[in-house]
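K.L.:
Going down the list, the sequences are from chains D and S. Numbering-wise, numbering that gives the first Met the number 0 puts 134 at position 135 of the first sequence, and it's gapless, one number per residue. Numbering-wise, numbering that gives the first Met the number 0 puts 80 at position 81 of the second sequence, and it's gapless, one number per residue.
Hints are computed from structural coordinates only; laboratory data are not their basis. Nothing here was measured: the structure is a model prediction, and the numbers come from that model. Be aware that a few hints might be false.
As the list claims (entries may be wrong) - Distance condition first, Cα-Cα at most 25 Å in a straight line; then the derived BS3-like pairs of lysine-lysine:
1. 134(D) <-> 185(D)
2. 224(D) <-> 78(D)
3. 150(S) <-> 133(D)
4. 169(D) <-> 139(D)
5. 32(D) <-> 78(D)
6. 332(S) <-> 211(D)
7. 179(D) <-> 133(D)
8. 299(D) <-> 78(D)
9. 133(D) <-> 78(D)
10. 290(S) <-> 179(D)
11. 332(S) <-> 134(D)
12. 150(S) <-> 179(D)
13. 290(S) <-> 185(D)
To be verified - Residues of chain D clear of chain S, computed beta-carbon distances all greater than 12 Å:
14. 54
15. 134
16. 192
17. 240
18. 261
Cβ coordinates follow ideal geometry from the N, Cα and C atoms, glycine included.
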Amino acid sequence: MTHLARAVVWCAAALIAMPGVASAQQRTLDSVKQRGQLVCGVNVGLAGFSAQDDKGVWTGLDADYCRAIAAAVLGDGNKVRYVATTTKERFTALQSRELDVLARNTTWTLQRDSAQGLSFIGVNYYDGQGFIVKKSANVKSAKELAGATVCVQSGTTTELNLADFFRSNKLEYKTLVFEKSDEALKAYQADRCDSYTTDVSGLYSVRLQMAKPADHVVLPDIISKEPLGPAVRQDDGQWFTIVKWVHFALLNAEEAGVTKANVDQMLNSQVPDVRRLLGKEGDFGKGLGLDNDWAYRIIKHVGNYGEIFDRHVGPDSRLNIPRGRNALYTQGGLHYAPPIR
Amino acid sequence: MAVTTSSPPGRLNGFLYRPEVRQAIYQVLLLAAAAYVAYWVVNNVADNLRRQNVASGFDFLGRTAGFDVSQSLIAYSNASTYGRAFWVGLLNTLLVAALGIVAATVLGFIVGIARLSSNWLVARLATAYVEIVRNLPLLLQLFFWYFAVLKNLPAPRQSHVLPGGAFLNVRGLYLPAPVPQPGFAAVAIAVGLSLLLMAGLWAWSWRRQHLTGQRFPVLGPALLILVALPLAVFFAAGSPLSLSYPELRGFNFQGGIAVQPELMALLLGLSIYTASFIAEIVRAGILGVPKGQTEAAQALGLSNAQTLRLVVIPQALRIIIPPLTSQYLNLTKNSSLAVAIGYPDFVSVFTGTVLNQTGQAVEVILMTMGVFLALSLATSVFMNWFNRRMALVER
Chain D
0 MTHLARAVVW CAAALIAMPG VASAQQRTLD SVKQRGQLVC GVNVGLAGFS AQDDKGVWTG
60 LDADYCRAIA AAVLGDGNKV RYVATTTKER FTALQSRELD VLARNTTWTL QRDSAQGLSF
120 IGVNYYDGQG FIVKKSANVK SAKELAGATV CVQSGTTTEL NLADFFRSNK LEYKTLVFEK
180 SDEALKAYQA DRCDSYTTDV SGLYSVRLQM AKPADHVVLP DIISKEPLGP AVRQDDGQWF
240 TIVKWVHFAL LNAEEAGVTK ANVDQMLNSQ VPDVRRLLGK EGDFGKGLGL DNDWAYRIIK
300 HVGNYGEIFD RHVGPDSRLN IPRGRNALYT QGGLHYAPPI R
Chain S
0 MAVTTSSPPG RLNGFLYRPE VRQAIYQVLL LAAAAYVAYW VVNNVADNLR RQNVASGFDF
60 LGRTAGFDVS QSLIAYSNAS TYGRAFWVGL LNTLLVAALG IVAATVLGFI VGIARLSSNW
120 LVARLATAYV EIVRNLPLLL QLFFWYFAVL KNLPAPRQSH VLPGGAFLNV RGLYLPAPVP
180 QPGFAAVAIA VGLSLLLMAG LWAWSWRRQH LTGQRFPVLG PALLILVALP LAVFFAAGSP
240 LSLSYPELRG FNFQGGIAVQ PELMALLLGL SIYTASFIAE IVRAGILGVP KGQTEAAQAL
300 GLSNAQTLRL VVIPQALRII IPPLTSQYLN LTKNSSLAVA IGYPDFVSVF TGTVLNQTGQ
360 AVEVILMTMG VFLALSLATS VFMNWFNRRM ALVER
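In isolation and in its complexed conformation, chain D is listed as follows (with noise of 0.2 Å):
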């Protein structure tokens, strides 16, 4: 056989052995464990919900939970890799496996439900956009605005709940849109816009950067729904259930009166939800592809849903944002979750 010819064949070969389409995917949790570690998508830096301290550690609501899913599955919520995430790159980092779960104080909305290859396990925290203002301005209300030109951050709802509320109630304005938070305050604050528009626990993280905070409002209307949760990807449906159970764990560890501090005394309690979701009764962290001791973990690292919250954003916090609707259903809140039985 002559060279050319047998670079012919050699070539033909190569063509037709192409592998197709990449093999079938490792499931989530397999993945998790095998690593050792978590890999889980945050906020770049928004105060109360994921942000890194002088010691470069991760805190927050959203950073609770990255640890929470990791005392759960790897028995030791430090085993967490965090990835700093901007609005635009967060739900391509979940789709294309950079990360395992994403959680960034994100909207749940149906679009990214239905179309992005994503699944929201559940809300974290109920939130709504709204506006900050400076009080020079002498304005009581967001529907006085009119004419107003309103500083965002790009890639997120709030920009199609900014132009819906303006559309609706019929007021002209000019939207200026930043990639980055930092530079859309930094124009805020130069007074290049008249308001700066983002989810209401973000405005009042916002508020304590300013150099002076008591020169600026945030006004009392609520222009949406932000229900702000976790996701994961769509085509896992073990790791979805596993991370939203460990959401509910913390509810109902609350519920239940299990505190960090009291989760050691509580093994030995009578009252059968405790026991159920300690695992001393029934057989709950096993369907899960988890042990027994799963919410054990989760409480005896992180504590319950509502130290997260008093810790990070409530009376704990620099941020102080009341309760309200995510208090327990049993304090009037939203929050309720399944039990476990």
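Assemble the complex: chain D is given as a structure, and chain S must be docked to it using the hints.
P.N.:
Just chain S, lined up with the frame of chain D:
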């Protein structure tokens, strides 16, 4: 390899060893391989997206966008489609690229010539400009210009009042907008006519110089035609143009033409940065013309200005144009940094907001790359044509 063995010995091999046949075979093989790889990639992506339940396809371009854009050259509202938002962003990028290229070229030529000035101070100032500006990252300079501009401008209520009913404040530059009245068409026709006349005059004088060697001072009469004719028609038609002045209402000025500070900062940053590179290209081009050319021109009795205009610059342009093209391309591509300072350019509107609202990263990024490729290739084609026109025609 049944074919090889069953054919008469040597004949097929002889055919295969003909250089042109071999070449063709390799080309076809390479092409087939490339096509297969492309097909495989596209197929794989589509398949993976389908399996992950991520929407794909270009249907989203027809859906309602639902967001607003702060500056738009065409009619756009939040009820427009994503496809419309695509054009809004593209036009904003084109605007900044076109204005930036003009400004950077003018500034670059001035600085480049100033660097060669015999005046010590002028030459040193130009050198300092080039060395400082081209050695700092562009993004940093954009932030500097944006926040420097913002910090130095007053709030709307304390606006600087400029002559002619214009206002300058932190929200932008507000200019009176011309509003054509009935009868304005005549003025437009007059402008067109005077442009035609100018072209005719120029052609005539070129022919005359070519035939008789006599020069005709074209510039003066041409300007006269360009200004006097339309002006005469304008007044004859009873000044059919009114101005709409910006007025302070509520939070801000309404009416007139508003130039955003984002656009001003982006233009300043891009053109000052690119001009520093163009200045070096211009200096190199001028120094690249042999000194003998200048001496010969002076020996012929040409004045300094004539030497520069007729001898040095035409030859320098041949050296300047090819690297200048690269700078134009750089400027266009760098304009995508606009996203950092809130100017609604193509990347900000389309690759930012649209990508996020639709979640269709693959399609949006592909379209973005396509747009920038098309812009750059179009610039290249034009500059190559210009270069061929300017190149030395050897006989």
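K.L.:
Against which earlier hints does the structure fall short, listed by number upward?
P.N.:
2, 6, 9, 10, 11, 13 and 16
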